[in-house]
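Chemist: In our numbering, the protein residues as written are 10 to 142.
Keep in mind that the hints are not guaranteed to be accurate.
Here are the computed lysine to any residue pairs in the SDA-like style, where the Cα-Cα straight-line distance is at most 25 Å [to be verified]: (1) K134 / T47; (2) K134 / T76; (3) K50 / G82; (4) K50 / V79; (5) K50 / V74; (6) K50 / V138; (7) K50 / T91; (8) K24 / V79; (9) K50 / Q39.
Note that these hints are calculated values from the structure, not bench results.
The model shown is predicted, which means the values in this text are computed figures rather than measured ones.
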Amino acid sequence: MAMTMLTVLGLTMLKMSLNITAPRQWTLQQAITDAYLTYEKSLAQRQTFEDITSAESLWPVSPAVSTTTVVFGRLPGGREITGTVSRTRSADTNNANTANNPAGMQVWQLQSVVRYSVGGRTYLKSRTVVRAQ
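Take the sequences, apply the hints, and build the full model.
Modeler: Shown next as structure tokens:
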């Protein structure tokens, strides 16, 4: 009888400790993907207009989308946090309109969307950078 009680108590304590660590892993994954999106935002802000508008751009012209599988980071224990990054760019409607845009300014929206899964649920996060020249 005492052994059964100790086993039940041990299993209950194990379950409680797992319940405590699960939210921490979710929070850690949120922080890591937010950090990756900060990298994506800074990458978009650093691109020259020649790179943005070239055929080899990381952000193809919408509706085309460039999707890449990436490793965002690692959890304690070495488990990888992976997901996909989808990039696209769209031009402002006045880019080619000389009547409304006599200076010939170019404005582009560079959008990066991160897709990843945590605990069987899929999450999407996005960042859009507006670049003007």
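Chemist: Which hints, by number, does the structure contradict?
Modeler: 8
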